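Protein chains in written order, with the numbering used here: chain A, 9 to 644; chain B, 56 to 523; chain C, 58 to 171.
It should be emphasised that the hints constitute simulated quantities derived from the structure, not laboratory data. A portion of the hints provided could be inaccurate.
[To be verified] If you anchor each label on the Cβ, the simulated ranges turn out as follows:
1. Ser79(B) x His118(A): 38 to 44 Å
2. Pro496(B) x Val291(A): 54 to 60 Å
3. Phe476(B) x Glu570(A): 55 to 61 Å
4. Leu466(B) x Val291(A): 29 to 35 Å
5. Asp114(B) x Asn505(A): 51 to 57 Å
6. Ile470(A) x Pro496(B): 41 to 47 Å
7. Ser145(C) x Ala231(B): 32 to 38 Å
Keep in mind it's a predicted model, so treat the numbers as computed, not measured. The C-beta atom is built at its ideal place from N, Cα and C for all residues, glycine as well.
Here's the letter readout for the chains.
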Amino acid sequence: MQIGLLCALIPLLPLLGFVINGVGFRRVPTGLVGGIATLAVLASFLIVVSLFMSFPAEGGPQIVPLFDWISVGDLHIPFSFQIDQLSLLMLLVVTGVGTLIHLYSIGYMHHDEGFGKFMAFLNLFIFFMLLLVMGANYVIMFIGWEGVGLCSYLLIGFWNKNVSYNNAARKAFVMNRIGDLGFLLGIFTIINTFGTVEYVDVFKQATSLPMGDTTVLVIALLLFVGAMGKSAQVPLYTWLPDAMAGPTPVSALIHAATMVTAGIYMVVRSNVLYTLAPQALEVVGIIAIITALLAASIGLLQNDIKKVLAYSTVSQLGYMFLGLSATAYTAGMFHVITHAFFKALLFLGAGSVIHAMSNEQDIRKMGGLRKALPVTFITFAIGTWAISGLPPFAGFFSKDEILAHVFEHSKVLWALGVLGSGLTSFYMFRLLFLTFFGEFRGTAEQKHHLHESPATMTIPLIILAILSAVGGALNLPGGGWLSHFLEPIFEGSRQVNPEAFAESTIEHSTEYVLMAVSAGVALLALIAAYVMYISRKAVPASDEADRSMPEQVIYNKYYVDELYEAAIVRPIRSMGDTFYSFGEFAVDGLVNGVAWLVKQSSAQLRRLQSGSIGFYVFAMVLSIVLIFALRFFIRF
Amino acid sequence: MFPIVLLSVFAVVLLFLGFLKSRSVLLPATLLFLVAALVANFLDWNKTYLYFNSMLRTDNLSMVFTAIVLLSSFLVVALSGSFEDDEAAQPAEYYAIILFSLVGAIMMIGYENLVMLFVGVEILSVAMYILTGSDKRNLRSNEAALKYFLMGAFATGIMLFGMALLYGASGSFTLAGIASYASHAQQGLSLIFYVGLLMLLVGLLFKVSAAPFHFWTPDVYDGAPTIFTAYMSTVVKTAGFAALLHLLAASFTYVYSFWGIILAVVTAITLIAGNVTAVYQNSFKRMMAYSSISHAGYLLIGLAALSAQSRQAIVFYSLAYSIATISAFGVLMLVTRQRGMQTLSSNPLSNESFDAFNGLAKQNPLLGLAMATSMLSLAGIPLTAGFWGKFYMFSTAVERGQIWLLVVAVLMSAVGIYYYFRVIIAMYFRDGATEPIRISPVFRYVLVAAIILTIGLGVAPGLLQGLF
Amino acid sequence: MQPTQDVLIPEVIQQIPLTYYLILSTVLFIIGIIGVLTRRNAIIIFMSIELMLNAVNLLLIAFSSYKSDSAGQVFVFFIMAVAAAEVSVGLAIIVMIYRNTRSIDVGLLNKLKW
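In isolation and in its complexed conformation, chain A is listed as follows (with noise of 0.2 Å):
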């Protein structure tokens, strides 16, 4: 089959699922419902697979055009696809992890009365999704990260009748509005300054670029701008966790595995503008490494499951930026993937403990399930031990490699992210012990109704196990194969700065020393971690309890919500308050002003709509006489 053929399936299938199931909903029966959605994902699943295995190893990027798509004067913006080593690897991601989650979804969501709605919106997200990554310029990823926020919006809000929910779809709309203006500036600015959209013609004009170029700097900050919106970095992070209210497999789906990483994307794409603005990427480092450690200190004390998880979704997502700042793309990328493998897992693992509780979530309130969900326990306890960073699973080796790049780079920063695995490694840990060990500590009613998953949710959770294990043989140490496959990607950017691609300086020995630094700083949180909650057989207190004063400031998030709330929120409302009632009477007075005079105005033209023919035949010979009149009598 033609590759354009293949290419436009890729979304289209999602998207077809979605209009079954989108326009027959409450007609489909609810058994199809499922195997339709799953079925779209995986079969654009396979069809990567077979553009995978057919893609030349170090080739350059395939321009699939479908159609023309926006011609406005000189600007020619067609719709196309872009096939290349980083698309393919996201797109891997994305129908991978999908379909693994729409499977859970069946087992986890089919006794809810929107079933079929919740189907079609993850399609829809898949498509969208799809789109983003697969488009050849920034206004098709531009559509994509839109409709990805949009379904976001609607499945954070899918159980719409609590209104705390709705709040928190509200939050994310706005914040990632904010980041969305960045996005859409930064493209403007391209167009500006390329006259193009198009990645190829984009990058290829940027390599003649002087390194430190302005300009450039501008877009990559504009564009970083809506990475932190979408990727919730700080400031912008406080919709990820509020994001939770929605259904679980929503956030190990989009909150965790693939939408949040559309800014690393994003970035990975652009490296060549990113590599040209070195001040830029110092702004990325800084910002991801205080995401890092604000995220990673605010989930030591979290007592809701899923919002550990959340928090460490924010944490990770800065140890990745952490990694783009240092110029490791590949490893930026590569922990991108791990990390869609083991957070996806821990949240679909946290789905089926809050399935067997009966919708409970808080963790003082569980302990000891280990015996009733062995399946869940054993994948759990892989996907916490990859994400500390613990050999020989995954995330040892995406989150070493990102420590050794940044070494390189900055001590102090390394520094600050190994402490950041440390603290990762104590609250994972803390949310394993609490949650498999120890004795139950919900009410006998929780105990009775204990149960193991069915089968459409462990087999997930098997899957996505196993590639935690061993996702880590992508790109062992010392170049692996990741980052020989991802080498074309970054052609550009080593040529505007060959020194950032230079091979590493680090001998293996310091390699080696680093690697048992993290790991050991990791090992040491666990054994704290183990220590505290299972020898002492601590529980967090409750709400209301005393706490001392740091205690206190964490456990409250820092304060963020509320310093958000007073700096900015109120203020701006105070003053919109004064512009109002200022501006009431002068723009309203205006605006009615203009109002009245149309509405009179045609309250008297109607007048001349007399009804009467004789009128109206009189007013065409008299217009087309005083047309002659104009016309051959007065010359102007």
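Starting from the known structure of chain A, arrange chains B and C on it as the hints suggest.
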């Protein structure tokens, strides 16, 4: 050419089908015929032919216009299911007349000779006189028919006088012959040529309801049965603009300096008259009539500028406008019928008012969505087809440097938003006693198709651009 | 028919200058327009329109014979045929209105306005 032959034969066949007892064959048969004509239309794709002693021409542009006309009439016919319940209706005749009128429309699109233009205009117009008066016992329908007929015949007279003068000046009825005469514009042309050109233009501007020749439009659209109003405001307008575009582009480009400014002034007057008067209407149907005048104004922008982009802009705009208008009228028909049954009052004025839409979207989400989409598209809000239509139109004006016209157009589209949003506000934010309206499947498909087309073209306007 | 007679008719027409035809048919046309403007009886308005059409026919024939080009006369046949169709439809509409209102005064038809 193929559609003309096919439609003529099909129309006769339909008249015979009318003898059958069962009326239920008629609708599917008509739809089938239209699809057949649409398929046949594209047989000559990418080729240019002259038929009938070079009287008719088919090229990609004319085929695209023909396709728009056929598509519009397909949608309109699909929405005409209510004839089956109406004792007094004569569906076989109506459908046959529609098919015959399409023959006229296609002649207007593809003419190479003024004779064909005249015959096409008359076939279309006479058919419209009949359809307007088809509600024989309704005085409003009668009045509309008589007004349309008398004024239409009058306009035809003026158009014919113009043609005769053009013939006298250039010695030919063919567009090429007139063009070759007009190409000597430098040496000076005879006065009767200019007079003839103006009168011909006036006749055609009357047909597309450009101000100040628009006075018939609100009354006729208001009085005619809604289904035929939908037909008139789309098919007739598209064909009329195709005819004007072809006439001006093929014959009169040499004398642009003569007619360009007149057309620009007419455009401005049309925009103002249509949009401003629509503001004060209480009847939705009458508002749509004024709105169609205003859209004639937007379409005229492309003609008054007559730049390289004009063809594409007019094609796109007429497609976007037709789809949105048909779906709006479709929803109006359902609402009017429902209100008629509910209140047992046959007073069409209250059943077609804006208030009739109060709270519609709550009980009938599909109807609400269809209406909202078409209103947004007509108002030219981004991500709908109407936005791109306006965008292309405005860019033709920019190309010609007619900035003052552009300013008028932008101001008037702001006015337009007011009355289009009135409907949306009524549907979504007002409370009304509407119950769920039963929608037949065909109706549903048409509305869904209209929504998809409007949004699809709004998201990917390039789809159509690639065609020609 | 002898060939000489074929040539004769245009020659007869050409004995009068073209401008006269132009003026005559313009005057006829304007009389028609004035009729449409001033009369209230639908039938008479209709007759005035017919007058306008016939002015056009006259003009076309004059041009046709002066240019020795048959196209103008063919056009006249088209106009006559189409006008006949228009007449039948127009009269049908007028009859329909007469049945409903017992009047064909167009001044009374002003229900549709504003």
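Status of each hint after checking the structure:
1. Ser79(B) x His118(A): 38 to 44 Å: holds (42 Å)
2. Pro496(B) x Val291(A): 54 to 60 Å: holds (57 Å)
3. Phe476(B) x Glu570(A): 55 to 61 Å: For Glu570(A) against Phe476(B), whose Cβ atoms are near 39 Å apart, the range 55 to 61 Å is violated.
4. Leu466(B) x Val291(A): 29 to 35 Å: Violated - the Cβ-Cβ distance for Leu466(B) and Val291(A), about 44 Å, lies outside 29 to 35 Å.
5. Asp114(B) x Asn505(A): 51 to 57 Å: With a Cβ separation near 54 Å, Asp114(B) and Asn505(A) satisfy 51 to 57 Å, so the hint holds.
6. Ile470(A) x Pro496(B): 41 to 47 Å: holds (46 Å)
7. Ser145(C) x Ala231(B): 32 to 38 Å: About 35 Å separates the Cβ atoms of Ser145(C) and Ala231(B), which means 32 to 38 Å holds.
In the structure shown, a violation is registered for the earlier hints numbered 3, 4, in ascending order.
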